[in-house]
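Chains A and B, in that order, give the protein sequences. For the first sequence, the numbering used here gives the first residue as -7, with consecutive numbering after it. For the second sequence, the numbering used here gives the first residue as -7, with consecutive numbering after it.
Hints were generated in silico from the structure; no laboratory data involved. Any given hint could turn out to be false.
Identical copies look the same in the list; a pair holds intra-copy or inter-copy alike.
Claimed, not checked - Each computed DSS-like pair below joins lysine-lysine, with the alpha-carbon atoms no more than 27 angstroms apart: (1) LYS177 / LYS136; (2) LYS1 / LYS136; (3) LYS32 / LYS137; (4) LYS177 / LYS210; (5) LYS16 / LYS136; (6) LYS139 / LYS161; (7) LYS161 / LYS177; (8) LYS16 / LYS32; (9) LYS161 / LYS210; (10) LYS16 / LYS139; (11) LYS246 / LYS161; (12) LYS1 / LYS137; (13) LYS210 / LYS246; (14) LYS161 / LYS32; (15) LYS137 / LYS16.
Protein chains: 2
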Amino acid sequence: MNDELKKGKRVTINDIARISGYSKTAVSFAFNDPSRISVKACATIQRVAEELGYYPDPLARKFSLQRHESIGFLLPQHIHFSFQNPYIMQVVEGIGSVCQKYGNTLTLIPPLNESVLDAVRCAAVDGLITQGMSVEMEIVDSIKKRKLPFVTIDGIPSVDMPSINIDDKDAAYSIMRMVLERGHKRIAIIGLAEVSYEKHAPASIQRARLEGYLRALKEFDLDFSSPSVGLYTSETTLDEGKHMASMLLSGRFKPTCVVSMSDIVALGCILQFTEQGISVPEDISVVGFDNIVESSYILPSLTTIDQPAGEKGRRAAEMLFTLIRGEHLPQTHITIPHRIIERDSLSSIEEQNEN
Amino acid sequence: MNDELKKGKRVTINDIARISGYSKTAVSFAFNDPSRISVKACATIQRVAEELGYYPDPLARKFSLQRHESIGFLLPQHIHFSFQNPYIMQVVEGIGSVCQKYGNTLTLIPPLNESVLDAVRCAAVDGLITQGMSVEMEIVDSIKKRKLPFVTIDGIPSVDMPSINIDDKDAAYSIMRMVLERGHKRIAIIGLAEVSYEKHAPASIQRARLEGYLRALKEFDLDFSSPSVGLYTSETTLDEGKHMASMLLSGRFKPTCVVSMSDIVALGCILQFTEQGISVPEDISVVGFDNIVESSYILPSLTTIDQPAGEKGRRAAEMLFTLIRGEHLPQTHITIPHRIIERDSLSSIEEQNEN
DNA sequence: CTGAAAGCGCTTACAG
DNA sequence: CTGAAAGCGCTTACAG
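Modelling step: build the complete structure from the supplied sequences, incorporating the hints.
Following this line, the structure appears as structure tokens:
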């Protein structure tokens, strides 16, 4: 009876069945639904299993059940960048807590051999959460083709693509409006580097926010073509934020306020400005977007838009599990409230000569 | 030929074989190794597959190959806590980048129905990385029973448990020694809350660090039973750090320096002290452990031990993949260098009356 | 270049 | 309470 142990082969349900004298069915029940067999049978089977060090193979079980018990999060940027952005980490945390609640695992999916499409094709998950996706993207077809339920965070809401967002346009409008009301006229806008799903991203929250900024700018007779408005783009990391700041400092365009689409980049700017002897907000103001915890304790503390990252993750995950259960979604597009957080990084500029 | 499409059933390799007129073998080759069939066969198969929207089922493929193409990270604390600790996030980032390199996915494994053991049993992974584990733990048996390769970070090195660490005892010694040399005599030590793997954790890095602290204390005629040394424990989150600080402030024991085993808790202390009008480091000093980025820009900046979290994750993952490939590990226990980072949160205390 | 067939290790409807 | 058998959808050694 110890022959197979020596072989070094995996102990399977067959071994337990043969040795215990019961059927595979019985063995399976012993592990999954003991009430369906006699106490004696169960005890015998458990004992044999214990002796042989038997472990039901999770992969075989999942295959048989056709369920992975895991949902995936498609990393929006290279994993290195994603993890440097506390906002994303909070979203992931929200997703993760719901996974834990439902006894699922959270699979972080980086591009497979540079290809997000392949990654989706191979992902061992029951559903997917993506960030910053819009329906026109190739990746969406890929997901649908696999008939994988999914919901997108910070994407462009669209039919049959459940989504969870804040009102980005309005949020952007209100913070830009505040900046302009404080008298700022030379503005550097730092947008988000494109999501890695696709080279040429179509509509995105980036666009929604730009629209919001633009609306405010227009109310002050400015727009993106004004010489006093500069548009930039940065990876969402502290280092890239610092980098942007020193570029700004060494360039010809001298903004009085930096309006960033992410807090982490705004923090980088504050740090770099300070480092180079430029005072924030006396010499230059900085405002952000996200309200990550760090923004409350950086000096000066950051004026920004609060958006509940953890809740975004949690609600997206709840929606996804509803979908996975095959139930109907009460609401396909959810918009969570945001609010402006006024702190110390934005100063007022007195009326004075331009330039 | 469209009958099965209407059924809503999944399109399988069988359908493609039947409809294309080739065998399952050929279909499989068309997707995995086209060189083994004729160009014509491949083209036909691809066309049919495309028409029917066929997608090889990843789960079936993994089952057949007996590989998950994913490694797991066993969350040391409740997911909510883990994600609030930038140190852990950096470790995860390191692991993740190696996963990406090898075309693997990273599975975050929370306890399953409160049970880490069940979680390990069910995890769909080829290997496991754990944090803060020692061999005596029940969970280790569970992992071994499943014959899952694993490596542990910040655990207690031991035979047949590959590990990656810094010299915690030495690191703790050197920072405590620095604190004492600065004249501090009333010290509050804040240790790490226990890992969730097990209720009564045996040896741990916590212990190693305590030994280091103790060695330094003894050199100054102090030890843990001295009335001027207080031992506390905290979850590694900013909020718990704040909480500890206000407890300290309202307690009878008035330390002149807080020595924390984690930066995030140290940051929480600094924030709370400042909030309550206590100046750091004038009124009270704080030192940490980890050197997370935030420590460099908090005010005052934090004196701490630098340990390369990302590298820990990366090297642990590299070891794990070596193990998964069935290769021999050149080195079972790796110790990465650490160093002390002196910044502004630790002040000197002049000689004066005690108490 | 091609295909029949065994195998991966479970679950579960069904009959007894 | 119990078991024989079909099924989950692939891969691949082997023979032709």
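Evaluation of the provided hints:
In this homomeric assembly, LYS177 and LYS136 never come within 27 angstroms of each other (Cα to Cα): the closest approach is 46 angstroms inside a single copy and 65 angstroms across copies. Within a single copy, LYS1 and LYS136 get their C-alpha atoms only as close as 39 angstroms, which misses the 27 angstroms cut-off; across copies the closest is 15 angstroms, which meets it. Proximity of LYS32 to LYS137 under the C-alpha cut-off of 27 angstroms is restricted to the inter-copy arrangement: shortest distance 25 angstroms between copies versus 48 angstroms within a copy. In this homomeric assembly, LYS177 and LYS210 come within 27 angstroms of each other (Cα to Cα) only inside a single copy, at 12 angstroms, whereas the closest approach across copies is 62 angstroms.
In this assembly of identical chains, the alpha carbons of LYS16 and LYS136 lie at most 27 angstroms apart only when taken from different copies (25 angstroms versus 37 angstroms within one copy). For a Cα distance limit of 27 angstroms, the shortest separation of LYS139 from LYS161 qualifies neither inside one copy, at 31 angstroms, nor across copies, at 52 angstroms. For the identical chains of this complex, LYS161 and LYS177 are intra-copy neighbours only, at 20 angstroms inside a copy versus 55 angstroms across copies, given an alpha-carbon limit of 27 angstroms. In the homo-oligomer, the alpha carbons of LYS16 and LYS32 lie at most 27 angstroms apart inside one protomer (16 angstroms), although the nearest pairing across protomers, at 44 angstroms, exceeds that limit.
Taking CA atoms no more than 27 angstroms apart as the test, LYS161 paired with LYS210 passes inside one copy only; the shortest distance there is 14 angstroms, against 61 angstroms between copies. Proximity of LYS16 to LYS139 under the C-alpha cut-off of 27 angstroms is restricted to the inter-copy arrangement: shortest distance 23 angstroms between copies versus 33 angstroms within a copy. In this homomeric assembly, LYS246 and LYS161 come within 27 angstroms of each other (Cα to Cα) only inside a single copy, at 26 angstroms, whereas the closest approach across copies is 50 angstroms. Taking the shortest Cα distances, LYS1 and LYS137 sit within 27 angstroms of each other only across copies (13 angstroms), while inside one copy they are farther apart (38 angstroms).
For the homomeric pair LYS210 and LYS246, the shortest alpha-carbon distance inside one copy (20 angstroms) is at most 27 angstroms, but the shortest distance between copies (57 angstroms) is not. For the homomeric pair LYS161 and LYS32, neither the shortest alpha-carbon distance inside one copy (66 angstroms) nor that between copies (52 angstroms) is at most 27 angstroms. For the identical chains of this complex, LYS137 and LYS16 are inter-copy neighbours only, at 21 angstroms across copies versus 36 angstroms inside a copy, given an alpha-carbon limit of 27 angstroms.
When held up to the earlier numbered hints, the structure conflicts with 1, 6, 14 and fits the remainder.
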